[in-house]
Structures are given as C-alpha cells and as structure tokens.
Amino acid sequence: MNEFLDALTLARWQFGLTTLYHFIFVPLTIGMSLLVAILQTAWVRTGKVKYLRLTRLFGKIFLINFAMGVVTGIVQEFQFGMNWSNYSRFVGDIFGAPLAMEGLIAFFFEATFIGLWIFGWDKLPKKIHVLTIWFVWIGTVLSAYFILAANAFMQNPVGFEINEERGRAELDSIGSVLLNPVALTQFPHTLFASIMFAGVVLVAVAAWHLQRGQFVDEMRTTLRFGAWTNIVAFLGVGLTGHELGMVMTQTQPMKMAAAEALYNTASGPDASFSIFSWGTPDGMHEIFSVRIPYLLSFLSNGTFDGTVEGIRDLQAEYELAFCGADSALTCPSDGSFVPIVWVTYWSFRWMTGLGAFAALVSAVGLWITRKNAELPAWVWKVAIWTAPIPMLASLVGWVFTEMGRQPWIVFGVMTTEQGVSPGVPGWAVLVSLIVFTLVYGGLAVLEFKLITRAAKEGPPEIEMHDDSGDGEGEPDQQKLATVY
Amino acid sequence: MELTTLWFLIVGVLLIGYFVLDGFDYGVGMSLPFLGRDDTDRRLIINTIGPVWDLNETWLIVAGAALFAAFPEWYATMFSGFYLALLLILVALILRGVSFEYRHQGKGEQWTRWFDQFIFWGSALPPLLWGVAFANLAQGLPISLLPQGGWIYEGTLLTLLNPYGLLGGLVMLLICFAHGLVFISLKTLGDMRQRARRLATKVGIAAIVAGAGFLIWTILMHRDHEMLWLIVLCAAVAAIGLIGGFIANLAGREGWAFTGNAVAITFALLTIFMALFPYLMYSTIDPAFSMSIEGAASSQKTLELMTWVAGFTMPLVLAYQAWTYWVFRKRLTREAIPAGAH
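Protein chains in written order, with full-length UniProt numbering: chain A, 1 to 484; chain B, 1 to 342.
No lab work stands behind these hints: they were computed from the structure. Any given hint could be a false lead.
[What the hints assert, rightly or not] Below are the DSSO-like pairs computed for lysine-lysine, each with C-alpha atoms no more than 30 Å apart in a straight line:
#1 381(A) with 371(A)
#2 456(A) with 50(A)
#3 449(A) with 330(B)
#4 381(A) with 107(B)
#5 371(A) with 48(A)
#6 107(B) with 127(A)
Note that the structure is predicted; figures quoted are calculated from it, not measured.
Chain A with its partners taken away, still in its complex shape (with noise of 0.2 Å):
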C-alpha cells in the first residue's frame, strides 16, 4: 500500500505525466504558427485566394491546439509550488528569473496577439493583421527560450551561488543564466524539431485530401510546402543535435555514457555507436549488437579518436564528489548516480530514428511528387502515418532529457529525492494525478477528434466580392470574421 502512496514517486509521475502532455501542444504551437504566419504573408502579398484558405485551414487546427498549449501550461508553473516546494525553496531566487521573465515579456505579448489575431480579420488592416499573428510566433519563441533557460540551469546550474545562511541557491549572474550553453544549443534543437513537427501535419493532411482528388490545388501547395519544411527542419535538428550531444558530453557526461549504456570508458575505434544491442539489464553481458566504431567519439566530442567516459567510471567519481560528510542536498539516499539506463538507451535510438524515418519519407515524398502524376494509395497512406511521428520523436527526446538528468533534480546541487514538497500526503498527491490522468485523457480525445475533422473539412469557401472586376476580386472580410 505505502508503494503507491509514496509522495515522491507520484510525483514524479505527475510531473511526467503533466509535462509531456503539455509537450504535445507546445511544439505544435511553436511550428504551426510560424507556417500559418507563411502562409498569409504570401496571401497577403500574392493576393491568391489559395493561401488565403490554407491560412484558415490550419489557423484552425493551430487554435484547436493552442488552447491546450495554454491550459495545460498553467499547471507546469504551478506543480513546482504544489509537488516540489523545497526546490522552489531552494533554487527559486534563481529558476523563477527565467519564468517571471517568459511571462512579463513573452507570455503576455503572445495572449494579447493572439487575441487579435483571432477577432481581428475584419477589424485591422490586412498588413497590420497579418502582423498579429507574427507576433504571436515571436511570442511563442521567446517563451520557448525563457522555458528552455530555465531547464538548462537544472542540467547545468551556472549563475548561482550559495547562501550558506539562508540555505538556498542564489542568483549571481542573469547572463550566464541566459546564455548558458545548454539553452543555446537546446533552443535551436528544440525550434527545428517543432517546426518539424507542424510540417507533416501539413503533409499528413495534404495526402488525405489528394489520395481523394479533393482540393488538388490547394493540396499540392501544401504537400510541398509541408516536406520541404521537413527536410530543412530536419537538417536543423540533426546539426544542432550534434552541438547539443557535445555540450551534453561535457556538461553531464553520464547522461551521455546511459544513452549508450557505455559502462566502460572508450576511445577511439572502441567508442562506437551501437544501433541496436541487446544484453543483460545490469550491461555485464552483450548479447547481440550492431555496431558503427569512432561514431560515439564523434558524436560526444567532434573528434574520431576522442575518449568517452563510461559509467562506472563516472559513479565512481561522482561518489567522491557528492557524497562526503556535508552533502544532505547531494547524495542520492540509494548512492546511485545512473539512471535507469534502458530508458536513456532506448529513448535515444527513438528519439533520432523517427525524426531521420519522417525526415526520409518528406524527401522520398518530395520526389515522387515533382510531377503531377497519379500516385498508387499506399503512398498517401504512408504520408498520413508519418503525421505522428516527429511529435514522438519530440517526446521521446524529453523523456530523454529529463530521465537522464537523474537522480538529480538540479545537477551537481539538489537529488530529485530532496526536491519533493513536504507535509503533502501521498495521497493527495494521488488524487491529483488521478484527476489530471482523466481530464488530459478526455481532453487528448477530443483534441483528436476536432483537428481531424477540421482536417477533412478541408480548406473552408472563402466568398468573393467582385465589384473591381480585374478578376479575382477581393475576399469578403466581413465574412471571414471568427466568432465563438
């Protein structure tokens, strides 16, 4: 019974639970609002009705997702409080910087456009409004990199230094805060996985309407527009998952060691990146594997003949370190530094091998549909099963991120264990999951349902006016007004 009434794990759980839910709506919002912002810049600057359209398809299937981007977002910030109260104690003169900053200088910039991109099409001037919704993807991007700052000091605290009298952790310098290596490298990683990530919704979403010959103008437009992103997404993603494996390597180098269950320090030839392996759970014995040598040196260090620390090696140095006589914060109760390393490994291999999988089929896509051909129904089918997959990817590589971040809740500064909140019952905590389990349950349902309808509706009639009669002629705006 105590099992699952204990605090901490639930926790967790929650924490999990809450965060890559959240992380479904995020990324989404992220990409999809800068595509819906390119297409009704080029309405706006082509006139063609086309992209006046595809501005309304997927503004609507953007607002179906940012609603829950939102709503889902007012819990993150508030759980640290609610489960985590003696890591807000304790870093909250330093990580509330970054989230105090993304609200009074993105959060509120982005719901205030948003606000007026929604109501405003027949109430701003067509420049003025298409400006809106650039703002609104400004917004989000600098929320992003506010939130991935404040993520970065739990990888790697820079910028901090202890008060021994108030016993927290305290802000020395903003700038390393913000420009700590993680953020900049996470950043850019994370902007291009999003922007991905909304470029086979555009995809997906094209060939279900083509396979049926629907809307085959609009669509083609789409497809395109759709895989090329992708391919460019993806080139973004991988080079700035290189930098970001690098900084990883140097910064938490047994996160880097568990995500190839490297148990014994290599280098050179012997640091090789395994693609596949199956073995015993504690690593002592490998069973089967497929390996490419030099490729883990080069991944970890930019260099072939590179070493790469393992994981023995590392408990052990992080025993000294960690676990002397002051270090209540530091030292894991169990004195275990790895994580659960089957996670790390597994979750790395998905993480890069559907983002390359989706990354392949934009481009095999992109060249089988250089001409307008008839298409056998397997290849629009594969289109539209393509759609989930980046956002896997994405969440894979959070699971990733922050599974291989433990025991530590602030690396090298506080184990997770220390973190949780005291005086809140396990039970309490349990309702709580419980309850956020059947609401973000329910609600994934219906968020389903309502973008795949508004996806096979198609791009909505747009009435003209034609009183100038240079052919056209110029979209009803009065009729295009939103409304709940």
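Using the hints, position chain B against chain A.
Same frame as chain A, now just chain B:
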C-alpha cells in the same frame, strides 16, 4: 522604497490586474445559464470576452511567476499548502479555457451543453476558491517552521473552510458576477443589455451586503494593526466603489458602473494586503512563526533584475493590451453573431 516592499506591491498589482480583468470574464461565464436563453444569446455573451479572456488570464500566470521569482518561500508554502484547493482551480481553468475554443467546434446540442457547463463551473469556482484563499491569508494560517528552514502549512483543505474564509469566497464570487454582468451590458445592445443590467442590480445588492460584512469583519479582526487607518481607508474606498458602481448601474451609466466594480475589487484586495503587511503569511500557531516579506523574499540581485524587467515591460504590456480593448470597443448585437459555427 525597499525592493522587497516594492515587489510586495508589484505582485499585488499583478494579482489585482488578474482579479479586475479575469474577474469580469469569470462573471460573464457565470451569467451563461441566467442570461443565455438560446444559443445565439450564449454565443453573444461569450463573444463579449472572446478577444480578451486569454490575455486577462495571463495576468494570473505572470502573477504566479512573479511570486515564484520574488517570494519563493511564499510560493512554495502557499502552493503546497493549498494543494487540493489549487488542484480544483487548475481543473476549473483547464476545462473553462478549452471550452471557449471547443464549444462551437463540435456537432450536436449535447456537445455544446457540456461545454456551457464547463464554462459556468470553470468561471464560478476560481473566484470562489481564490476568495477563500485570500481571506484565509488575511486571517492567518496554521504555519510553522521547517527544521531545515522555510515554512510549512500544517492545516488541511477543511482548515480553509471556516466562516470568514467562506464569506471571503462568497464576496469574491458575487463581486465578479456583478462585474461580469455590468461588462455584458457595457458590451451589448438591445434586450441583452437590459437583462444584464437588471440582473446586475440583484447581484449587486447581494454583493454589497456580503461585501460590507466582510470588510467590517476584516477591520475588527485587525483592530490592533499598526496601520489600521490604512485598512479602514482601503475598505471605505472599496465600499464606495461597490455602492457607486451599483448606483451607476441603476442609472444606466455602464462605464461608471464597470469602473466602480473595478475600484471595489482593487481596494478589497488592497484591504487584505494592508491587513497582511508586513507579513505574507501570519501564523495562528505562534506569531513568531509568521512569514515576513523580508524572510520570504529573493536576493537583492534577483529583485533588482526583476525590477528592471518589470519596469521596461509593464508599460508596453499595458499599451498593447489597451490597444486590444480599443480595437474591440464596439458593442455586439445578436445580428453580429453569424448563424452556425464558423
């Protein structure tokens, strides 16, 4: 002024911004079953806050983050202490937030009815629960010190549900309701405008009675407070705002009625903050356990940084939010609501 006091005021301003702004859209949400005779009515009501509810709610998120950065001890103690009440608020806000966007996306009446329910409960619960929470802050809470430093709340959800706390919740609920009704009559024309005004009169009377009781109780409870005159002054201005708003509503002066309600909310909260000062949480177990503003505050460096950020951004925020209200200044009518969802 010391930075800690300044940040006590800034957090106060953010919270007041949240209750004044989101307060009226909670009221609008609560009015749905009372004023919405058919679907067009209900959509008209929701559209009065359509462009602004999201930016209004952002004030809560920013207030929460500012609280975290400026007073981490307060954030940690209050949010872990009020655990279940906060959980209820969060669920209410989640369901309400998605409902505005989702209610018109589905097909069938049952779908819409569900989301109308979520909007109603999601709008009624937060002001009620926040009112309970703030009244309890003013009254004092069973908090004690942790051995490793910091504070801990020793009570439960039931501790909060005492008569004074419940009265505080009721007052907040009624004021927000009246505030929202006045906003609807300010933003609509025709029949809706008249009906909203009539209901605002009824709710206004209840708000004045409950509000007077709460303010007098608060003054009596703090009669030994050093700055009693400030508490009395704030309570008096709150009362004048509430009564003035009521009279303006009777006279059909909707702009003034809205202003009066906004003043009432602002000064009712200031009364509570003044009663608290110089503490953030007053301990009922032992006064020595009370959390002072100084004790809960972040370091000087963080507060300085945050002061710069707030100093630069708040004027901008106020400017572009005011512009939003200007863009959507027109009154709405049933005719402006196109038949069928978009």
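Distance restraint between residue 371(A) and residue 48(A), which requires alpha-carbon spacing of 30 Å or less: holds (22 Å)
Hinted pair residue 381(A) and residue 371(A), Cα distance within 30 Å: Measuring from Cα to Cα gives roughly 19 Å; hence the hint holds.
30 Å limit on alpha-carbon distance, applied to hinted pair residue 107(B) and residue 127(A): Outside the cut-off at roughly 34 Å; violated.
Pair hint residue 449(A) and residue 330(B), alpha-carbon separation not exceeding 30 Å: Distance ~34 Å between residue 449(A) and residue 330(B) Cα, so the pair is violated.
Restraint check for residue 381(A) with residue 107(B), where alpha carbons must lie at most 30 Å apart: holds (27 Å)
Pair hint outcome, residue 456(A) versus residue 50(A) [Cα-Cα no greater than 30 Å]: holds (17 Å)
Violated hints, listed in ascending order, are 3, 6; each of the other numbered hints is respected by the structure.
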